[in-house]
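S.K.: Now for the letters of each chain:
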Amino acid sequence: MLVDIQNLRIAFTSRGKRFEAVRGISLTLGREKLGIVGESGSGKSLTARALMKLLPKTAQVSADTLRYDDVDVLKASERQMRRIRGGRVGFVLQDPKYSLNPVKTIGSQIDEAWREHKRGSARQAKQATLDLLDQVLIRDPKKVYASYPHEVSGGMGQRAMIAMALAPNPELLIADEPTSALDATVQAEILRLINDLVEKRGMGLILISHDLPLVSHFCDRVCVMYSGQIMEEMAASDLMNARHPYTRGLLNCMPSLMHPRDRLPVLAREDIWLEETAR
Amino acid sequence: MSDRMIEVADLRISFSSAEVVKGVAFEVARGETFGIVGESGSGKSTVLRAMSGLNESWDGRILFNGEAVPKRRSREFFRKVQMVFQDPFGSLHPRQTIDRILSEILLVNRIGEIDRRINKALSDVALPQTARFRYPHQLSGGQRQRVAIARALIAEPKVLLLDEPTSALDVSVQAEVLNLLADLREEHGLTYVMVSHNLAVISHLCARVGVMQNGLMVEQTSVEDLRAGNVSHPHTQELRRLSVELEDVPAEPSSVSQAKPGA
Ligand SMILES: Nc1ncnc2c1ncn2[C@@H]1O[C@H](COP(=O)(O)OP(=O)(O)OP(=O)(O)O)[C@@H](O)[C@H]1O
Ligand SMILES: Nc1ncnc2c1ncn2[C@@H]1O[C@H](COP(=O)(O)OP(=O)(O)OP(=O)(O)O)[C@@H](O)[C@H]1O
Ligand SMILES: [Mg+2]
Ligand SMILES: [Mg+2]
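The listed protein sequences derive, respectively, from chains A and B.
First residue of the first sequence: 1, per full-length UniProt numbering; consecutive thereafter.
First residue of the second sequence: 1, per full-length UniProt numbering; consecutive thereafter.
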C-alpha cells in the first residue's frame with residue numbers, strides 16, 4: 001500500500017472559534033488511479049497537502065494513521081519530507097503559476113527537479129527537461145524553457161508543473177486540478193501520458209478534480225467529498241450511477257453540450273449530509 | 001447607443017517581437033454572450049487582457065458601445081468593464097481580507113451601502129459570511145475564484161470579461177454561478193465574453209463561439225451548429241468530438257456503489 005490515511009482531522013481556529021475542515025477522512029491507495037471529487041471547500045486540497053506535510057502552521061492536524069509507504073508522516077522530520085516531495089512523490093498544486101518560483105525560468109526549475117533525483121550534468125538535465133516539455137505538448141519547448149512563469153499561459157503553467165512533478169520519476173503523483181486550464185486535446189494527451197506511467201511503471205495517482213465525466217472515464221476508484229467527509233466511494237466507472245443524494249445532485253447540475261437546458265438545477269443541500277459518520 | 005456592444009477588429013499583440021495574437025476580429029451584440037474556446041496558449045487570455053485595458057500594447061481596433069477605446073482607459077471604463085481572471089490567486093491582493101478587497105472597489109468608485117453590497121455579493125456566489133474576514137490564502141481554490149467573481153459583479157458593470165470563471169468550481173456552485181450570470185444578463189442587459197475549455201459550459205451560456213488556435217480565431221460558429229456538428233475547422237471538430245465523447249455516459253452500472261450511512 002502506498003498511502004494509508006485513517007481518521008484524518010484538520011482544524012483551524014479563527015477569531016476564537018475552532019473550525020474542523022477535514023473530519024475523519026480515511027482512504028488507502030495502491031498502484032492505482034484514485035479520483036477525489038466533491039464540493040468546493042470540502043477539504044480535498046487540505047487532505048492532499050496533509051499527506052505531504054505541506055499544511056500551514058496554523059492547521060491543527062491529527063490522525064490515527066497518516067502513512068506514505070514506510071514513512072509515518074506525522075512523525076517525519078522536515079528533512080525526510082523534503083526527500084519525498086519532488087522525489088518519490090510528484091505534487092501538482094491547484095494554483096500552478098503560484099507554486100512556481102516567479103524569479104526563475106521554467107526550464108531551470110524543471111532541471112532542478114530532475115537533478116534532485118538523477119544527478120546528471122546540466123546538459124543532460126536540459127535535454128530531459130526539453131523532452132518533458134515536448135511530452136506535455138508544449139508547442140515551442142525551447143521558448144518555454146527560457147520563459148518566466150508570468151510569461152506563459154494558464155495551461156502552459158499547468159503543463160510546466162506536470163512536467164516538473166514527473167521529472168524525478170515519482171512513485172506517486174498527486175495532482176490537484178491538473179488539467180482545469182487545458183483544452184480537451186491537450187488534456188487527452190496529458191492523461192494518456194499519466195496513464196502510461198501508471199501502467200508501465202506502476203505509479204500511483206491521486207487525481208483531485210471537479211470534472212466528473214473525466215474522473216469517471218479515467219480513474220479506477222473515486223471518493224466523493226462533502227464538508228470534510230467522504231460521502232461515498234465507488235468504482236469510477238459507476239460514478240454516473242452513484243446513489244448518494246449529494247452525488248446524484250452533482251450529476252444533475254452539469255451543463256451539457258448535447259442536451260441543452262434553459263436553467264441548471266441547483267443542489268438542495270441537506271443537513272443530514274453534515275452529520276459526522278466517522279466517530 | 002449602439003446595439004453592437006463590443007467590436008474587435010484586426011487585433012494584434014506581440015511580446016518582445018513574437019506575435020501571439022495575429023489579427024483577431026469579432027463582434028458582440030448588447031446582452032449577448034460570446035464564447036472563446038481553443039488551444040491552450042493560443043492567445044485567449046491575451047485578447048481579454050487587451051480588451052480590459054490591462055495590457056496597453058496592442059494594435060488594431062477595440063470598440064465598446066460604438067466608441068473606439070484609447071490604449072489608456074478611464075476610471076469610468078474600469079467600472080463598466082470588469083474582468084474575472086484565470087488565476088484568481090494572482091489577481092487577489094494577498095495581504096487584504098476579502099472584506100477589504102470588495103470594499104476597495106466600491107470606495108474607489110464612490111458607491112455607497114458598502115456593507116449591504118458586500119453581503120449580497122458574497123451570498124450571490126454562495127460564499128459563507130465567515131469568508132468575509134479571511135485572507136485569500138485561507139480559502140480553497142474555488143472559494144477564491146468566487147471572490148474574484150463577486151469583486152467583478154459588485155460595482156454593477158455593463159460588460160464582463162470572464163476568463164475560465166468556473167473552472168475551479170464544483171458543478172453545484174458552477175450551476176449557481178451560471179444561473180446568476182444568466183439572471184444578470186436578463187435583468188440588466190449585461191454583455192459577456194467568456195473564455196472556457198468546457199464546451200458544455202460555453203454552450204449553456206453563449207449563443208456564438210469563436211475558436212482560437214495559435215494566435216488566430218480560426219472559426220466562428222453558432223452554438224446550434226457546434227452542437228449539430230456543422231463546423232468546418234479541424235480544431236473545432238476535434239474539440240467537439242472529445243467533448244461529446246466525455247459526455248457519453250456508460251449505460252449499465254457494473255457494480256453497486258457503497259453509500260455511507262447518512263445517505
Ligand atoms: N489556512 C487556512 N485557514 C483557515 N481555513 C482554511 C485554510 N485553508 C483552507 N481553509 C478552509 O478549509 C476548507 C477546505 O479547504 P480545501 O482547500 O481543502 O478545499 P477544496 O476541497 O480543495 O476546495 P476547492 O475545490 O474549492 O479547491 C475550506 O472551507 C477553506 O476555506
Ligand atoms: N507577459 C508575456 N510575455 C511573453 N509572452 C507571453 C506573455 N503573456 C502571454 N505570453 C504568450 O502568449 C501566448 C498566448 O498566451 P495566453 O495566455 O493568451 O494563452 P491562452 O489561450 O489564454 O492559453 P490557456 O488556455 O493555456 O490559458 C503564449 O504563448 C504565452 O506564452
Ligand atoms: Mg482545492
Ligand atoms: Mg488563458
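Hints may contain errors.
[Claimed, not checked] Some chain A residues judged to face chain B by a derived CB distance under 8 Å, without partners named: (1) A11; (2) S40; (3) V71; (4) A128; (5) P168; (6) T185; (7) E189; (8) L191.
Since the hints were made in silico from the structure, they are not lab data.
Note that CB positions come from ideal geometry on N, CA and C, so glycine has one too.
S.K.: It remains to establish, for every hint, whether it holds in the given structure.
M.R.: The hints, checked one at a time:
Given hint, A11 of chain A at the interface with chain B, is violated; its Cβ is 13 Å from that chain's nearest Cβ, farther than 8 Å. Nearest Cβ of chain B to the Cβ of S40 of chain A: about 3 Å, under the 8 Å cut. The hint holds. Interface hint status for V71 of chain A: violated, as the beta-carbon distance to the closest one in chain B is roughly 26 Å, over 8 Å. At its closest, the beta carbon of A128 of chain A sits 22 Å from a beta carbon of chain B; the interface hint therefore is violated under the 8 Å criterion.
Hint status for P168 of chain A: violated, given a least beta-carbon distance of 24 Å to chain B, over 8 Å. Given hint, T185 of chain A at the interface with chain B, holds; its Cβ is 6 Å from that chain's nearest Cβ, closer than 8 Å. Annotation: interface hint on E189 of chain A violated; nearest CB of chain B at approximately 11 Å, more than 8 Å. Checking L191 of chain A against chain B by beta carbon gives a least distance of about 11 Å; that is not within 8 Å, so the hint is violated.
The structure shown violates the earlier hints numbered 1, 3, 4, 5, 7 and 8.
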